[in-house]
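Sequence lines, in order, name chains A and B. Following my numbering, the numbering of the first sequence begins with 1 at its first residue and continues without gaps. Following my numbering, the numbering of the second sequence begins with 1 at its first residue and continues without gaps.
Bear in mind the hints are in silico, worked out from the structure with no lab data behind them. Using N, Cα and C, we set each Cβ at its ideal position, and we do this for glycine too. One or more of the hints may lead you astray.
In silico contact screen, one side only, chain B against chain A (beta carbon under 10 Å); selected entries [to be verified]:
| hint | residue |
| --- | --- |
| 1 | 42 |
| 2 | 51 |
| 3 | 180 |
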Amino acid sequence: MGAGALVYALALAGCDSTNNNDSPPNQVVRYGAISAKVRGLDPMDIGDTTSSGVASNFYECLFQYHYLKRPYVLEPALAADMPTYSEDRLTVTIPIRKDVYFHDDPCFPGGQGRQLVAEDFIYAWKRIAYLKNVSKNWWIFEKRIVGLDEFRETTKGIAKSDMDYRQKIAGLEAIDRFTVQIKLKKNVPDIEFRLTHLPLAPVPREAVEHYGDEFMNHPVGTGPFMLDSWTRGSKLVMVRNPKFREEKYPNEGEDGDEQAGLLVDAGKTLPLIDRAEYRVILEDQPYWLTFMNGETDAAGIPKDAFDSAINSDRELTPSMLTKGINLIKHPEPTTFWVGFNMQDPVAGTNLPLRQAMSLAFDRKKFIDLFTNGRGLPARGPLPPTVAAYTPDLSSPYTTFNLALATKKLAEARALHRKNHGGDLPVLKLIIGGTDATAVQMGQFNQRCFEAIGLQVKIDNLDWPSMQDKVKTKSAQMYSMGWIMDWPDPENMLLLWYGPNESPGPNNFNYRNEKFDELYDKITVMPASPQRTAMFRQMEQIVVDDLPCIFTTHRVSYYLKYNWYKNYKPHVYGYGLMKYLNIDKNERWRKVGH
Amino acid sequence: MWIYVVRRLLYTIPIVLGVLLITFLLFKLIPGDISAELAGKAASPETIAEIRAELDWDKPLLLNFQAARQRGPMAVFESQFFIHFKKSLTFNFGRSIRSKENIATMLRTRAGPSLSLTLPMFVIAMVSSLTVALLVAMLRGTMWDYSIVLICVLGMSVPYLAFILFGQYYFAYKLQWFPIIGYEPGLGVWRYVALPVLIGALAGLGADVRFYRTVMLDEMNADYVRTAYAKGVAMPRVLFVHVLKNAMIPVLTRVVLAIPFLFLGSLLLERFFGIPGLGDMTIQAINSRDFPIVSAMTFIISILFALGNLTTDVCYAIVDPRISLS
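Input sequences plus hints: build the corresponding full structure.
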């Protein structure tokens, strides 16, 4: 052991009771940091990526994403096979694996986890529908399952103690102990993606009844890990589930995976690690320092540490390379924009104005300034992570062009004079957040529009106040974005669908008959080249009408130490820790724990 | 004195009720409706309306005249305020709107970590600042006095955040004398709170020393001090018995009134050092409009503050025989 490593080892021994400097640890342990608080671990209530990331190690769904294959494909998880459909595709039948057991927990007789059955899915889904539970995830099912909306209606005013989950629902049935059947009101082409979404994971009735409202703190799932301890806001420890169903590390992936060492563990039983310890670290400095100390295996790069980690070629600096750190870059399924309220009499009726503002927005500079270059300029709604992404959408108005912007603004002024009389008023743009970065973002927007002679007043509001303005249609312009839940473009395009206007998810209050007609079609059409062509048409309609200024798609820069194995970025899948591995000897040699 | 104490305790009731009402109105009247957020990212308008109804947010704010007309006069109290009022008075704080955690449990589990940080910080800061202030007052007009006052002013000019960033980087990361971040309940807690306690105590020292120095100097110029010296009383006895005792009124005011706020924790230290306390919880609740948490914290702090005030008055009477409570 070198002197440096010895110092590390001694220091860490003083810092953490889990360290052992005499020999490598017996267990394979993953050390991580969570940069936001875990709100709760009841799948029904999970609506944030941090809680999903943790809870998906305890709970599983019918299907999961293949870990290595791209484009993203689904495979059975708790399902024994992929679903079968009736001829009209309105009845979906899914067989369930028979070798799955819930975690051992005091809620079961003798503390022994019982076998998973089809009824557990039905029960979990009814919990989402039950009004009193105020689930964030009702939107996944709403108006899609026969009888479920009616069931929700009957639960109005029913106290939790009086709620009877045995009520039959025509569209949700366990046709035998190990088969779930779903009857749809209309064709739902992304039903498999929906059933892969964590909130739809099965939960045992025994645990919900045993823990009551505290079930959120006592996850009892079927996943590869079980909760060992959790100090809210501080630390969460999970341990391997000894009764985890038989699952092996994939034997195949995409080109380059073998060379990248991602198939070394092919065929091995999952999970590959024994234990994972996560600390909640909310501030950038301690988050970064713990990573640089080797106390965590991997980390994102805080804005202020970017220049010390990444050089001008967007690669690792020599000091990071000598520490044995690797950089992994990948686009995220996100799109950000400055939205217009299309019901606003000024912005909503003046296309040249919206075109001028879109042309005046310097996307590249914005990405450099606020994300250290970690982004791609957005030209349309769909991010590069979906197969239907079109990088060359035909629009001259979604690029930075000040000359054209000035010309368009003149047209906009003329149109405004014609329609309303007088010059364009000062426009109002709401930026979510009151911290320094949010204020700077507002100033950046202001400067971009001032460059063509357009006055924009910036209002920095906290998130709830901004939501209030947007949802009550009283915002003229606002800055927002969307993270896709699954790779089906419908999950993004729903934001421009007319009937979804505020307080629904269409915050632009945009309405285009042709777009709505196409949307109605894609929501019931099975995947096909025709459907993909329709996505392109819909994107084109949106970029032609410009209800928003598309700004960026985020790109993630992720750092990991050499000892952290099998990491492959996956932008939709959660619960991927079962595939990860740690070279405990290498870590012990380098940092002594 | 007991009559005075009972009377002051009775005064506490309308104060706390007033605080409840003002907090409620402030929170409800500022813009910001989180029902759309609670309903989920792609929720329909109907779902949002259902959620509002489930949380009683569709009821009138203060009085429900419509319900009174339909169901009798008592139904006038079926309003958002009286539902909240009833819960608070029975110490049923309910659950966080955001995380659905039981607020009583949150308070119970987070008060310990907050106090494990703020209590030693408070004691260390108070003892050291009083001691330094006495010494500086004793050495007034010397180079020592000027130097310490200058250091205090410089310390006061440095932002609190700078102390934290430097302390964590240098003492925890570079020198590795302390863990960078973490918390462990029980006896192991000292390893994690030692650095934040020292940083917090040091950062507040400048203002405290200057305040106490002024108080001590006022007393040291008093006649009784000259008399004591004239009678041959030794300097330490003059300082620590005569001066300190007579300077206790402003000291008590500052110290006792600070005690209720120890319960609030320390936002920055808790966030930077990963201490799961009440400070960070309260600020996050305010930012995310988690009204039940904010209301519970305001309610408890207002009670503690009222009790703190009363304790201060009682202490005045104990320390200074010229003050009588009636």
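Hints versus structure:
A least Cβ separation of about 4 Å between residue 42/B and chain A falls short of the 10 Å threshold, and the interface hint therefore holds. A cut of 10 Å between beta carbons decides the hint on residue 51/B: the least distance to chain A is about 6 Å, and the hint holds. Interface restraint check: residue 180/B against chain A, minimum CB-CB distance 5 Å, threshold 10 Å, status holds.
When the structure is compared with the earlier hints, no violation turns up for any of them.
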